[in-house]
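Visitor: Read off the chains here:
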Amino acid sequence: MLDAPAHPGRTRTDTARPLVQVRDLKMYFPIYSGVLRRRSGDVKAVDGVSFDILSGETLGLVGESGCGKSTVGRALLRLYDPTAGSVTIDGEDIATLSPGALRRKRPTMQMVFQDPQASLNPRMPLSDLIGEPLIEHTDWNAERRLARIYELMDAVGLNRRFANRFPYEFSGGQRQRIGIARALALNPKFIVCDEPIAALDVSIQAQVVNLLEDLQDRFGLTYLFISHDLSMVRHIADRVAVMYLGRIAELSPRDALYSRPLHPYAEALLSAVPEPDPNVAATRTRIILKGDVPSPANPPKGCNFNTRCPRAFDRCRVEKPDLVEVEPGRLVACHLYSPDTRHAGSTGSPEAAIQARPEHFQQGAPK
Amino acid sequence: MAGLRVWLMDPNPTSRRQARLGQFWLGWLRLRRNPLAVSGLVIVGLLLVVAAFAPVIAPHDPLAQDLSRRLLPPGTPGNLLGTDDFGRDILSRIITGSRITLYIVGLVAVTAPFLGLLIGTVSGYFGGWTDAVLMRITDIFLAFPRLILALALVAVLGPGIENAVLAIALTAWPPYARVARAETLTVRNSDYIAAVRLQGAGVPRIILGHVVPTCLPSVIIRVTLDMAGVILIAAGLGFLGLGVQPPLPEWGLMISSGRKYLFEQWWVSTMPGLAIFIVSLGFNLLGDGLRDVLDPKSAPK
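In the order they appear, the protein sequences are chains P and V. In case it helps, this note's numbering puts the first sequence at residues 1 to 367. In case it helps, this note's numbering puts the second sequence at residues 1 to 301.
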């Protein structure tokens with residue numbers, strides 16, 4: 001598998017089979033308090049997230065700081081052991097794999113980290129950093145490993161003469177290239193890019209994003225691109241998931257989302273994207289949310305967004321909305337778009353709708 | 001020489017060894033800028049040279065007694081630092097004693113940090129119960145004054161140079177375990193350890209390949225700073241008669257034997273005391289200098 005060259009001629013959308021399937025992923029971090037360090041609660045960093053990533057596509061994951069984007073990325077690769085839910089990557093459930101099987105599975109899935117300074121061991125020269133996965137998963141001799149290291153350095157645009165330099169001798173962009181080369185070393189299928197450009201200068205960001213796109217075309221990679229940079233996500237992603245407080249608010253194709261966001265939170269978030277055209281910018285209305293994000297240790301009853309939502313109504317305060325397909329390819333978790341609300345809206349009280357459809361009570365129902 | 005320097009400073013090393021040697025060279029350049037560290041290095045270097053060539057340098061046999069020439073003051077022709085109560089040449093004994101000191105220091109420097117690193121990194125990496133148990137054991141060892149614990153161990157094992165080393169090593173590891181654990185806790189959740197885990201590396205590879213090298217500089221600094229303490233404890237054990245046995249010229253033992261003559265023939269105790277002082281100072285200065293060189297927080301920019 002490792003010897004396989006790039007997958008030539010493969011384009012982004014020629015296979016529509018999901019490579020990654022996430023179902024109801026939950027990641028709770030326990031809170032211990034008191035003298036006896038009893039478990040007194042959980043930080044619900046990720047609270048029931050489901051999505052698919054098709055083979056060869058880029059799924060953007062956006063949201064504000066602390067909404068659980070990075071936790072999703074890390075739980076997906078089992079850097080954290082998920083509390084509940086399943087993550088199927090290429091046919092195997094990562095969340096329940098035994099350590100041995102997980103080890104063998106590791107080459108398929110890799111990660112590019114946010115801070116290239118922190119993700120490279122400062123005491124290792126570049127060739128060791130990139131070559132380490134090869135030592136771990138192959139029995140190649142030093143010569144063959146070096147050939148592969150050079151190949152990877154060429155692929156990410158690093159001069160071969162740098163092979164024995166240490167990380168501190170590189171600039172931020174070059175370090176991120178090293179991180180990408182390391183992720184590519186074992187020919188992965190799926191790469192989680194955890195804010196790969198957030199720590200870089202603006203001038204370097206575009207280079208790195210272009211490199212990532214290039215590599216995707218050459219090697220047929222599938223990305224989960226986590227970012228809070230909405231314009232960069234618009235550039236690279238095929239579909240975009242908007243997260244708020246541990247849940248997905250909306251998951252839509254990129255163009256549809258950016259031109260007409262459905263979820264009120266997505267709408268508010270996208271209205272914050274700077275508009276380059278001053279004429280358009282002048283006519284645009286920015287939605288400014290009031291209040292703060294509630295604590296993930298104690299999320300509000302009902303919809304997570306109801307405390308700040310400009311369009312919240314009674315039902316939002318009692319019932320958590322499910323992520324459902326409201327238009328072809330567009331999934332939204334909002335009562336505004338559920339068919340019975342629209343119905344009920346025409347007849348008056350939304351509460352009537354709840355009483356009419358009791359089976360819709362689910363995880364967030366009043367206890 | 002110039003060619004070697006160019007080779008070491010090459011920004012694009014052609015081999016891994018050249019890269020590592022280049023790092024050492026940079027470290028040496030930084031160390032060289034610190035005059036105190038260099039003087040420490042010179043003292044330690046002198047100790048090594050003196051110990052290596054002790055039989056050649058020593059003017060007399062350190063064990064040869066001459067009762068007609070006992071307790072001669074320093075400056076006496078033939079006995080530069082005077083003689084002790086058996087007429088043995090103090091200079092020769094100090095020179096030969098440097099071997100014993102170096103032997104003890106060397107053995108302790110190899111064993112105690114090894115044990116401390118192992119316990120500290122394992123404790124810090126796993127956390128939870130492992131951490132609690134290992135750290136409570138460390139606390140127990142730390143709760144005893146070192147010399148008392150070493151005394152108790154030697155009393156059980158019996159006096160002698162090997163047992164003294166063993167006792168010192170067993171009392172010296174807890175600080176290293178603490179340092180290594182603290183360092184491990186800071187790197188355990190770092191991205192580069194996450195990256196190694198993503199590659200599928202097992203726990204032994206992570207600890208030995210990534211965590212230990214990160215902790216090593218702090219521990220090395222701590223060891224050089226502790227060397228003075230080790231020399232003093234070894235001397236203390238010798239002074240109490242529980243370490244090296246007479247007639248071997250161990251420095252602590254020499255101080256102890258001069259105790260009776262402290263007021264009239266001060267040099268019998270003072271000369272080996274000065275030797276201990278100078279060597280301890282040397283290790284301390286070197287340790288301080290190494291801290292500036294090896295500290296990852298002051299990594300080269």
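Mixed in with the good hints, there may be bad ones.
What the hints assert, rightly or not - Covered stretches of chain V (chain P as the covering partner; in silico rule of three or more C-beta atoms under 8 Å from a C-beta of chain P):
1. 17-23
2. 88-96
3. 184-194
4. 197-206
5. 209-222
Stated by the list, open to error - Restraint-style ranges between C-beta atoms, simulated for each label pair:
6. V/M9 with P/D217: 37 to 43 Å
7. V/G3 with P/G157: 31 to 37 Å
8. V/A182 with P/P328: 54 to 60 Å
9. P/T96 with V/V38: 58 to 64 Å
10. P/V280 with V/M9: 50 to 56 Å
11. V/V38 with P/D292: 43 to 49 Å
None of these hints come from the bench; they were simulated from the model. Cβ atoms here follow ideal geometry from the backbone N, Cα and C, with glycine treated the same way.
Visitor: For every hint, state whether the structure bears it out.
Guide: To see whether the hints hold, each was checked on the structure:
For the region 17-23 of chain V, the proposed coverage by chain P is satisfied: 4 residues have a C-beta within less than 8 Å of a C-beta in that chain, meeting the threshold of three. Check result for the region 88-96 of chain V against chain P: violated, 0 residues qualifying (beta carbon to beta carbon below 8 Å, three or more required). By the rule of at least three residues with a Cβ nearer than 8 Å to a Cβ of chain P, the coverage given for the region 184-194 of chain V holds, with 4 such residues. As drawn, the region 197-206 of chain V meets chain P at 7 residues by the rule of a beta-carbon pair under 8 Å; at three or more, the given contact holds.
With 3 residues bearing a CB less than 8 Å from a CB of chain P, the region 209-222 of chain V meets the requirement of three and the coverage assertion stands. Roughly 40 Å separates the CB atoms of V/M9 and P/D217, a value that falls within the hinted 37 to 43 Å. Between V/G3 and P/G157 the CB atoms are about 32 Å apart, so this pair conforms to the stated range of 31 to 37 Å. In this structure, V/A182 and P/P328 meet the distance hint of 54 to 60 Å, their C-beta atoms being roughly 56 Å apart.
At roughly 59 Å, the beta-carbon separation of P/T96 and V/V38 lies within the given 58 to 64 Å, and the hint holds. Checked against the given bound of 50 to 56 Å, the beta carbons of P/V280 and V/M9, roughly 55 Å apart, stay inside it. Taken as a hint, the range 43 to 49 Å is violated for the pair V/V38 and P/D292, whose Cβ atoms sit roughly 57 Å apart.
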